Amino acid sequence: MLDKKTPKEIEILREGGQILGQILRDLATQVKPGISGVYLNLQAEKLIKQAGGSPAFKNYNGFPSGLCVSINQTVVHGIPTNEPFKDGDLVGLDLGMKYKGLYTDTATTVGVGQISKQAAKLLEATKQALFVGISQVAPGNHIGDIGRAIEKFIKPYGYSIVRDLAGHGVGRAVHEDPLIPNYDDGQKGEKMFPGLVIAIEPMIIMGNDFRVEVGNNKWDVNAKDNTLTAHFEHTVAVTEDSYLIITE
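First residue of the sequence shown? That's 1 in the working numbering, and the numbers climb one at a time after it.
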């Protein structure tokens, strides 16, 4: 059964989500050649604690840091390292926060220094795909509408949509029902209703192989064809007649 948040809980989520969104934007401006994921993680955890929250991902199922830092062919769940970012890298930043007892989740992908035209196109398409998915959020629409719209938008680019990972409900826990595929899985899915809070997060691979594999550290999720990837995410609430982007 899908969880319904009260108007008061939506207010708290919005307050926390705005804080988290600003923290992620601050971190994104620091992504430059020579900076490391470990440094960004320290900044992320510090900023979250200063805001009165706690990092949602740290120690979640044993994950060692508050910030996921996923570089190039790593789609998601990258563990921050001391390896400095290089010119041309694509760096995915995924951040969650527990604030006043409730969880929000957001992500972006940033180019380091000068990136290729192909990489810039991938970033823009994936970001647009997120908002195409969000545009399907409304009472009476179905969860399947989100993935269908994302796939229709991405298909002309020739990119692949990761199928083994999905968006999800969020709020009382980091991950709640429903699962939200980013492609048309042939299912209508649950009907959306006011008070439903979900994380929509297209994960796109530049190549034509949607398969992924887990890296040696048991966390990194990498594109099997080793091509560039991008990931954008917002927490979104269903309102009485439309949607509210919680983490904007």
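Among the clues, some could well be false.
Stated by the list, open to error - In silico DSS-like pairs for lysine-lysine, Cα to Cα no more than 25 Å straight-line:
#1 Lys98 with Lys58
#2 Lys188 with Lys4
#3 Lys8 with Lys32
#4 Lys86 with Lys218
#5 Lys100 with Lys127
#6 Lys32 with Lys127
#7 Lys117 with Lys98
#8 Lys49 with Lys86
As the list claims (entries may be wrong) - Across the chosen pairs, the derived CB separations fall in these ranges:
#9 Glu124 with Gln187: 38 to 46 Å
#10 Glu213 with Asp185: 42 to 50 Å
#11 Asn82 with Gly62: 40 to 48 Å
#12 Arg25 with Glu240: 25 to 33 Å
#13 Gln18 with Pro139: 21 to 29 Å
#14 Gly52 with Gly158: 43 to 51 Å
#15 Asp241 with Ala28: 41 to 49 Å
Please keep in mind that the hints were generated in silico from the structure rather than gathered at the bench. Everything numeric in this text was worked out from a predicted model, so none of it was measured. Note that CB positions come from ideal geometry on N, CA and C, so glycine has one too.
The hints, checked one at a time:
| no. | hint | result |
| --- | --- | --- |
| 1 | Lys98 with Lys58 | holds (11 Å) |
| 2 | Lys188 with Lys4 | holds (20 Å) |
| 3 | Lys8 with Lys32 | violated (39 Å) |
| 4 | Lys86 with Lys218 | holds (24 Å) |
| 5 | Lys100 with Lys127 | violated (29 Å) |
| 6 | Lys32 with Lys127 | holds (20 Å) |
| 7 | Lys117 with Lys98 | violated (37 Å) |
| 8 | Lys49 with Lys86 | violated (29 Å) |
| 9 | Glu124 with Gln187: 38 to 46 Å | violated (29 Å) |
| 10 | Glu213 with Asp185: 42 to 50 Å | violated (21 Å) |
| 11 | Asn82 with Gly62: 40 to 48 Å | violated (20 Å) |
| 12 | Arg25 with Glu240: 25 to 33 Å | holds (29 Å) |
| 13 | Gln18 with Pro139: 21 to 29 Å | holds (23 Å) |
| 14 | Gly52 with Gly158: 43 to 51 Å | holds (44 Å) |
| 15 | Asp241 with Ala28: 41 to 49 Å | violated (32 Å) |
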